[in-house]
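Each chain, written out:
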Amino acid sequence: MGFEITRFQGDVDEELVCPICSGVLEDPLQAPVCEHAFCRSCIQEWISRQPTCPVDRQHITSVQLRPVPRILRNLLARLCINCDNAEYGCTRVLKLDTLTTHLEECEHNPKRLLPCEQGCGLVIPKDELKDHNCIKELRALIQTQQHKLNDFQQELAEQRFTMVEQKRELQLLKDFMKAMRISNPAMRAIADQMERDEVLRWSNTLIRARVTRWGGMISTPDEILQRMIKRTLSECGCPAHILDDLMENCHERRWPPGLCSLETRQTNRRLYENYVCKRIPGKQAVLVLHCDNEHMSEEMMVEPGLVMIFAHGIE
Amino acid sequence: MANIAAQRIKREFKEVIKSEEVAKCAIKVELVNDNYTELKGEIAGPPDTPYEGGNFILEIKVPETYPFNPPKVRFITKIWHPNISSVTGAICLDILKDQWAAAMTLRTVLLSLQALLSAAEPDDPQDAVVAKQFKENAEMFHLTACHWTNIYAGGPSVNKDFDDKIKKLVEMGVDEHEARVALSSYNWDMERATEQLFS
Numbered sequence: 000m001g002f003e004i005t006r007f008q009g010d011v012d013e014e015l016v017c018p019i020c021s022g023v024l025e026d027p028l029q030a031p032v033c034e035h036a037f038c039r040s041c042i043q044e045w046i047s048r049q050p051t052c053p054v055d056r057q058h059i060t061s062v063q064l065r066p067v068p069r070i071l072r073n074l075l076a077r078l079c080i081n082c083d084n085a086e087y088g089c090t091r092v093l094k095l096d097t098l099t100t101h102l103e104e105c106e107h108n109p110k111r112l113l114p115c116e117q118g119c120g121l122v123i124p125k126d127e128l129k130d131h132n133c134i135k136e137l138r139a140l141i142q143t144q145q146h147k148l149n150d151f152q153q154e155l156a157e158q159r160f161t162m163v164e165q166k167r168e169l170q171l172l173k174d175f176m177k178a179m180r181i182s183n184p185a186m187r188a189i190a191d192q193m194e195r196d197e198v199l200r201w202s203n204t205l206i207r208a209r210v211t212r213w214g215g216m217i218s219t220p221d222e223i224l225q226r227m228i229k230r231t232l233s234e235c236g237c238p239a240h241i242l243d244d245l246m247e248n249c250h251e252r253r254w255p256p257g258l259c260s261l262e263t264r265q266t267n268r269r270l271y272e273n274y275v276c277k278r279i280p281g282k283q284a285v286l287v288l289h290c291d292n293e294h295m296s297e298e299m300m301v302e303p304g305l306v307m308i309f310a311h312g313i314e
Numbered sequence: 000m001a002n003i004a005a006q007r008i009k010r011e012f013k014e015v016i017k018s019e020e021v022a023k024c025a026i027k028v029e030l031v032n033d034n035y036t037e038l039k040g041e042i043a044g045p046p047d048t049p050y051e052g053g054n055f056i057l058e059i060k061v062p063e064t065y066p067f068n069p070p071k072v073r074f075i076t077k078i079w080h081p082n083i084s085s086v087t088g089a090i091c092l093d094i095l096k097d098q099w100a101a102a103m104t105l106r107t108v109l110l111s112l113q114a115l116l117s118a119a120e121p122d123d124p125q126d127a128v129v130a131k132q133f134k135e136n137a138e139m140f141h142l143t144a145c146h147w148t149n150i151y152a153g154g155p156s157v158n159k160d161f162d163d164k165i166k167k168l169v170e171m172g173v174d175e176h177e178a179r180v181a182l183s184s185y186n187w188d189m190e191r192a193t194e195q196l197f198s
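Those sequence lines, one after another, are chains A and B.
Heads up: the first sequence runs through residues 0 to 314, numbered per numbering that gives the first Met the number 0.
Heads up: the second sequence runs through residues 0 to 198, numbered per numbering that gives the first Met the number 0.
For the record, the hints were derived by calculation from the structure and aren't laboratory data.
You may find that some hints are simply not true.
[What the hints assert, rightly or not] Cβ-to-Cβ under 7 Å is the rule here; a few derived chain A residues that face chain B:
#, residue
1, Ile19
2, Glu44
3, Pro53
4, Arg56
5, Ile141
Beta carbons: idealized from backbone N, C-alpha and C, even for Gly.
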């Protein structure tokens with residue numbers, strides 16, 4: 000919709016008036032053949048109802064509308080108009096093409112956002128500033144946040160509940176599987192596959208570790224150290240069916256022939272670099288899983304994998 | 000009322016008031032309420048027509064969607080014309096329906112209505128009875144239209160014969176306007192009009 004004609008200084012030529020809204024052309028477009036010009040929003044609204052020129056009824060479509068000639072745009076740009084906020088005290092008179100820029104910064108705009116200086120610091124439209132009450136506003140804010148918090152808490156409780164339920168269900172399924180596995184060989188094959196997949200999936204969640212000092216390896220870790228590592232493994236999602244076996248394999252008495260004594264370890268030391276090691280989160284220890292290390296010889300590997308605890312040197 | 004409609008009507012109202020037709024007393028427009036949604040129009044009957052000398056009042060309702068939709072116009076003053084209902088004043092004119100264009104104004108609408116009074120379109124009638132008479136008995140139509148203009152629109156030509164016939168029916172207890180409608184519809188045949196009124 001165009002600009003109200005009374006906002007302009009002096010007379011405005013009829014040619015610059017939109018025949019639809021009778022305001023001064025805003026962002027004008029013209030019809031293709033007859034070249035009648037209209038505000039963009041006006042002609043688009045009209046064409047959406049009837050595909051004709053509103054002045055002479057020639058058939059036109061939306062895509063045929065064209066920008067108006069430069070001379071017309073220049074004539075419009077040169078017109079002097081008062082500010083939209085004149086009724087709020089702005090006395091500026093501007094060239095039409097500078098109106099938009101002025102409006103963005105006009106300090107008389109009643110909707111201009113200002114920060115409250117009484118202390119709450121909320122940003123509010125200028126015209127609402129005089130009725131503004133910091134305590135009331137902040138209270139409302141707290142209330143909405145409290146509501147949100149309550150909603151979140153409720154959601155959390157619900158999620159927790161479902162999680163517990165699901166865990167229970169999963170455990171039932173596992174027990175069921177175990178029972179099936181014992182009674183049915185085909186089932187055992189499937190279950191084994193599922194377990195192998197589970198280990199693979201878990202392995203993929205772990206970060207690759209780099210051992211900088213193989214000499215720091217503790218081949219006979221004590222009970223306390225073992226318990227600590229076991230807890231960490233369990234916490235980072237180690238599948239239950241391999242947890243005990245893995246922990247057994249953290250001591251040299253269960254290591255493969257290539258590692259089981261100081262002597263063999265020294266012989267095979269150059270092979271260490273070939274191990275694919277996974278980090279045990281937060282610990283100076285690595286996991287060498289069988290599934291990650293199928294390229295290693297049986298001399299150096301055992302099922303389901305090794306746990307190597309170090310004094311230092313893990314990155 | 001939408002901003003655009005109000006802006007347009009304000010401007011058009013001024014346009015009519017300043018127009019040369021107003022100077023010649025051919026058209027007139029007045030505000031009915033403050034919000035420009037309803038206006039009262041007036042057109043003078045064009046010369047060399049049965050409507051000459053009469054002034055016809057129009058009701059103009061401006062829709063919220065003006066000027067994308069036409070104003071709703073009807074005759075308040077009763078008129079005998081093939082394209083205007085003698086009962087409701089409803090007008091059959093293309094520009095007030097599907098031929099409306101957004102650049103048309105109150106002034107062009109009033110002038111178009113005046114033109115309609117000069118050139119009836121009996122093949123696209125609003126009032127079938129009037130249109131039939133217009134086509135079959137042009138002279139009777141002319142006399143009837145003159146008479147209606149005289150009675151309702153302050154036209155100058157008095158038809159003594161018609162007035163007497165109506166008077167007779169009124170004396171029989173018939174409402175004056177009903178009597179006029181019946182007589183007009185039956186080419187001022189007393190017998191048939193009476194028959195229709197008392198059947």
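Original post:
Which earlier hints turn out false for this structure, listed by number in ascending order?
Top reply: Hint 5 contradicted; others consistent.
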